[in-house]
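With the hints as extra help, turn the sequences into a complete structure.
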Amino acid sequence: MAQIELVHLSKVYGNDVAAVRDLNLDVAEGEFMVLVGPSGCGKTTALRMVAGLEEISSGEIRIGGKVVNELAPRDRDIAMVFQNYALYPHKSVYENLAFGLRMRKVPKAEQKERVEEIARILGLGEMLHRRPAQLSGGQRQRVAMGRAIVREPKAFLMDEPLSNLDAKLRVQMRAEIARIQQALKVTTVYVTHDQVEAMTMGHRVAVMRDGELQQVDTPQRLYDAPANLFVASFVGSPPMNLFEAVVERDDSRLVCRIGETELELPADVAAERPALANYSGRPVAVGIRPEDVREAAGWDGARLRGRILLVESLGSEQLVHIEIAATPLERSDLIDAAAQPPGPPLGVDDLERAVTLLGRFDRHLLLAPGEAVEVAIDPRLLHFFDLETGVAIPAVDVPVAAEVVS
Amino acid sequence: MSSVTQIAPTPVAPVAPRGRGRRRRTRQLGWNLLGLLVLAVMVFPVYWMVATAFKPGQQILSYTPHWVPTNPTLSNFRDAIHQPFFWNAVKNSLIVVSAVVALSVVLAFLASLALAKFHFYGRKAFIVLILGVQMVPLAALIIPLYILMSRLGQIDKLTGVIAMYLTFVLPFTVWTMRGFLLGIPKELEEAAMVDGATRFGAFVRVLLPLVGPGLVATSIFAFIQAWNEFIIAYVFLHTPAKQTLMVWLASFTTLRGTDWGPLMAGATLCALPVVVFFLLVQRRIAFGLTAGAVRG
Amino acid sequence: MASVAESEFPLASRRRRRFTRQRIGRVLAPYALLAPAATAIGVILGYPLYLLVKMSFEKYGLFELIRHKGRWIGTANYAHILHDGEFWRVLARTVVFTAVTVTLTMVLGTAMALLLLQVSRWLRVAITTGLVLVWSVPVIVAVDIWRWMVDYEFGVANWTLTKLHIGNFIRHDWFANPWTGFGVITALIVWGAIPFITITVYAGLAQVPQELLEAAAIDGAKPWAVFREVTLPLLMPIFVILTSLSIIWDFQVFQQIWVMLDFRPTSDYYTMAIYAFHQSFQISEYGLGAAIAVVMVLFMFGATLVYLRQMLRTGEVQ
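First to last, the protein sequences are chains A, B and C. The letter at position 217 of the first sequence is residue 217 when you use our numbering, and the numbering goes up by one with no holes. The letter at position 147 of the second sequence is residue 147 when you use our numbering, and the numbering goes up by one with no holes. The letter at position 58 of the third sequence is residue 58 when you use our numbering, and the numbering goes up by one with no holes.
Since the hints were derived computationally from the structure, they do not count as laboratory data. All C-beta atoms, glycine included, are put in the ideal place defined by N, C-alpha and C.
From the structure, some residues in chain C lie toward chain B, with a derived Cβ separation under 10 Å: (1) Pro36; (2) Pro48; (3) Lys54; (4) Gly130; (5) Ala142; (6) Ala303.
Derived contacts from chain B toward chain C, CB cut-off under 10 Å, selection only: (7) Trp48; (8) Met49; (9) Ile60; (10) Val136; (11) Ile231.
And the structure:
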């Protein structure tokens, strides 16, 4: 068990293509750190540099306080689980599990003891003499895990280990890996592109994009206080509603204008975000989580009017697509799911620009497509971002924990 | 509700309507008969060689063909192996073939390692070269090769023939080995290295066992090529005692007229090893061995 | 903590240290691995190719062979060939022979692959095994078999054709007339080449995704239309490769004719390869032979280019 530190880590390929750019990350002893981001964001490259499978262009990696830049993978005392498992097809399950021990010259008897112990824990006891080809996908995944665990390494590195499993098995193995990690308390770096996996498994989650670290924090804080538009749009499913709004100063009050509707920002919101005052008269990006979009009945604050486009019933609740008058965001750093398609306005004819607002509503509400609705927006639940840089306009008592690179 | 009945799938492509069952069966029978006929025509020449080889002389030299060797005899085989230089030819062929197989497997393995496991300047150029060079006609190269070999003093020497065969099988064997190596996921080696093996250790313990089938396949290819080759052996090996089996077989007739029985017996003997190895290769020496390591 | 300070200047401090011996080794390793094979190919394929072109511009007879040195005569060899009626006859003969043989091989081979799809499973296994058997027969052995089958006195072909009332073939000498002689040679080559074509095309057919055929059927295509619109386009790369390979192989035909006609074919049987061989090794005009061979290579170059392009495009080269 050891701490892993990445210091100013960069990876540049041939023609100045940077896969990882100046990455700083501390993984504490025993911590489960998830690297997440869309494909090509550099998360796997970063992991492979920690493993020693990829040369480091510049910067430093320390495992347990020791610089390992020049160390071969075998000398780093780490174990890795590969996306395609990389089980040796010509070796039996037993030989696969024992391989690492054999390489480290662990006595035969101890090898046997440890392999059998792990096989018992993982429910592989019956298949020790089978070849990988004779195993199911889930069993192969367990062998890959077992091969990492049996070594009792300083750290686990996992590269999308669940992506080849079907959805049900994935949920099951997700919990199992998290449980094993908790029991063994081995420092773990886990790479995935699936934000649900990241949120459910990680003690802390590092969001990456285009080789750069966007934010590192606990899943909850990542959700509550995304550091920029990218994190806001990436974390959460369904994603945060994002659109353009204008902040205006009316006498001493701050007002946020969304389309034709003016939302008055209460004094405490304005006080919480002093920087917001500087944006008066300028457009900003605002975001609101689907669960914070409420039905307006009984709400005496400002309301947004819109028309229901689509109702998706999820059983426990319903997801409602509501078209409202607002300016869509057109930024490249939003991930696709959150980007508003600039399609033709369907329900509201007199609007020049419309945005689809996603709301999570109680399942008992009777809603039908085509209906006009009013939704309540609590200004306290709004997220504000600088439209130019995409960086969150921070609240005072909610300091953004990690350094934000943009 | 009405929309549901509308959407209900209508059978667009009826797979096998019941009424047509019999017609289907007759058609299948027709195809099978045609298939049998084709099989018979294709295999007949090979059958005819073997049948002739076992027939006594008067059944061979008969205006009405004897379709089946009713009194099989081994005398043709006896005659064939007692032909002058048969055992010389066997020995020469074996020497040439084993040298070519051993050398080509080693050289091809090394070269394909470079092509499959390294990125280097000139890699693509080399691949185009080995693909293109296979296309150069041997019949055209034989003239300058003769000049080259005579300068090197390699005319009428097995070493010269071995060197030429080796070179001619190399492009294909390199290409095939490269395919086998590429089929092995690089994660396997990486896993071994993370598990504590050196780069060389990963190579020996993981790569080598997995590439075994590829080594076997390419060596059988080299074997067949070297065994079957005729032109080079014919042009470069003059002394009868130095010739290979194929040259021996081709010049069989000229020794004492056309003696079909022993000739077919000799042909059968020459074809036998190749046929055996060909059928071995066809078994597809566990191409799927690495399949279990990746995905499901 | 000192190391943190050091890593503030990552480029300056680290780059240089990397050029270790190990690093240089990794750069040189592929070249070292490639060297033996590349040397062999260079000496025994590359250099002779250069020599071939050089010789085609030289007077290179017996005298020069002994002296190990040709005499430069410019394009005289080519001029000689191009004004030689024999050369043009040989070229035309080779082109026609190649066209006929390749067409027959491809059509029959593909037809048999399609037949394989239709027959029952047991028969498919039997035919495939039979094809592999035929495929494995060495060329010289095949020539001997066919020579025996068309023997003018006791050949099984003559007897069968007579019995089938196709004509009186008793004591018919197939090689007296070059047309029937080439007929036998074509049959021999097509017979030997079909297995490779059939097995490759069949493998390709088996790889066509079933869903595509089903989708086309649901879209209303009849079986022939499905074949033309879906199967054929998907198999096109295979056909291109097989056809160009067949052209390359058949254009340089040598040993079948050479052995079939007892090492002394009359000039009616000359193809490009035999003509080049005859000029060099029988008349000892190596320069002339080289010029003919160069023309032959140039003729085949088109097919080679098509083949190479297809191989590169199929994505196998990365």
